[in-house]
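*Asks:* Please build the complete structure, drawing on both the sequences and the hints.
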Amino acid sequence: KAGVTQTPRYLIKTRGQQVTLSCSPISGHRSVSWYQQTPGQGLQFLFEYFSETQRNKGNFPGRFSGRQFSNSRSEMNVSTLELGDSALYLCASSDTSGRDYEQYFGPGTRLTVT
Amino acid sequence: GDSVTQMEGPVTLSEEAFLTINCTYTATGYPSLFWYVQYPGEGLQLLLKATKADDKGSNKGFEATYRKETTSFHLEKGSVQVSDSAVYFCALKPFQGAQKLVFGQGTRLTINP
Numbered sequence: 001k002a003g004v005t006q007t008p009r010y011l012i013k014t015r016g017q018q019v020t021l022s023c024s025p026i027s028g029h030r031s032v033s034w035y036q037q038t039p040g041q042g043l044q045f046l047f048e049y050f051s052e053t054q055r056n057k058g059n060f061p062g063r064f065s066g067r068q069f070s071n072s073r074s075e076m077n078v079s080t081l082e083l084g085d086s087a088l089y090l091c092a093s094s095d096t097s098g099r100d101y102e103q104y105f106g107p108g109t110r111l112t113v114t
Numbered sequence: 115g116d117s118v119t120q121m122e123g124p125v126t127l128s129e130e131a132f133l134t135i136n137c138t139y140t141a142t143g144y145p146s147l148f149w150y151v152q153y154p155g156e157g158l159q160l161l162l163k164a165t166k167a168d169d170k171g172s173n174k175g176f177e178a179t180y181r182k183e184t185t186s187f188h189l190e191k192g193s194v195q196v197s198d199s200a201v202y203f204c205a206l207k208p209f210q211g212a213q214k215l216v217f218g219q220g221t222r223l224t225i226n227p
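These protein sequence lines are chains A and B, in that order.
Position 38 of the first sequence, counting from 1, maps to 38 under my numbering, and the rest follow consecutively.
So the number in my numbering is just where the residue sits in the second sequence, counting from 1, plus 114.
I should point out that these hints are in silico values taken from the structure, not numbers from a laboratory.
Be aware that a few hints might be false.
To be verified - Which bits of chain B does chain A cover? Going by a derived footprint, with three or more residues having C-beta under 8 Å, they are:
(1) 158-170
(2) 213-226
Stated by the list, open to error - Far from chain A, some chain B residues (derived; all Cβ distances over 10 Å):
(3) Met121
(4) Glu122
(5) Ser128
(6) Glu130
(7) Ala131
(8) Phe132
(9) Ser146
(10) Lys174
(11) Glu183
(12) Ser193
(13) Gln195
(14) Ser197
All C-beta atoms, glycine included, are put in the ideal place defined by N, C-alpha and C.
*Replies:* Here it is, written out as structure tokens:
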């Protein structure tokens, strides 16, 4: 099976703009999660989608939003970008739950805000 | 809330040395525990996991044992190789509730030939 894919891999935006990142999960996986990775804060959970519904949300401002489509592909949107939003954004998919839970990560989208 | 603490890096070892990366956690109930590895320019790869107390996860020569009494999940390898150079993350999935991972801060490992 193909792994989790994310597009674009690199992105440069200006403060105040908005950005949309895309994630295609492993075929058959219905759960998609997003994480932000920065040198200062490490890996932080943004949100999780399952069957087109946001099931869990991390502690991020409302500028961060997402959605999931019927084919399980997911997008993440950040509006009114700030310099602190510069990070590696990782998408992960899963087809398990409970104790057998495993997440498979994509290569990430590196966002630079100038 | 749930949290994970890893030993601070960076860690530098010589090839064939013994590796230990310490990981302790704070969580309610019985979380599932994971080690992920991140190579330069890549996403995270699941290295091993354990889902209940006293379970031992193992993969590619790496091992970690779920110790409920000490709330620990230390990563070990008997003989490291240059190709093991990467950043290692310890993580937990909460026992109940959110389907998400809580990560430690990561430990950068460099193996010198």
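*Asks:* Now, for every hint given, state plainly whether the structure supports it.
*Replies:* Hints, verified against the model:
1. Requiring three or more residues with a Cβ within less than 8 Å of a Cβ of chain A, the coverage given for the region 158-170 of chain B holds, as 6 such residues are present.
2. Coverage of a stretch by a chain is defined here by at least three residues with a beta carbon nearer than 8 Å to that chain's beta carbons; for the region 213-226 of chain B and chain A the count is 8, and the condition holds.
3. At roughly 14 Å, the least C-beta separation between Met121/B and chain A is larger than 10 Å, which holds for a residue marked as non-interface.
4. No beta-carbon of chain A is positioned within 10 Å of the beta-carbon of Glu122/B; the least distance is around 12 Å.
5. Its beta-carbon lying about 27 Å from the closest one in chain A, Ser128/B satisfies the requirement of being farther than 10 Å from that chain.
6. Interface exclusion of Glu130/B from chain A stands, the closest Cβ pair being 30 Å apart, more than 10 Å.
7. Distance check on Ala131/B: its Cβ is at least 26 Å (rounded) from any Cβ of chain A, clearing the 10 Å threshold; non-interface status holds.
8. No Cβ of chain A approaches the Cβ of Phe132/B within 10 Å, the least distance being about 26 Å, so the stated non-interface status holds.
9. Chain A draws Ser146/B into its interface by the beta-carbon criterion, the shortest separation being 6 Å against a cut-off of 10 Å.
10. Separation of Lys174/B from chain A is adequate, the least Cβ-Cβ distance of about 16 Å exceeding the 10 Å criterion.
11. Against the 10 Å criterion, Glu183/B stays outside the reach of chain A, whose nearest CB is about 19 Å from its own CB.
12. Its beta-carbon lying about 27 Å from the closest one in chain A, Ser193/B satisfies the requirement of being farther than 10 Å from that chain.
13. With a minimum CB-CB distance of about 23 Å to chain A, Gln195/B clears the 10 Å threshold, and the non-interface call stands.
14. Its beta-carbon lying about 19 Å from the closest one in chain A, Ser197/B satisfies the requirement of being farther than 10 Å from that chain.
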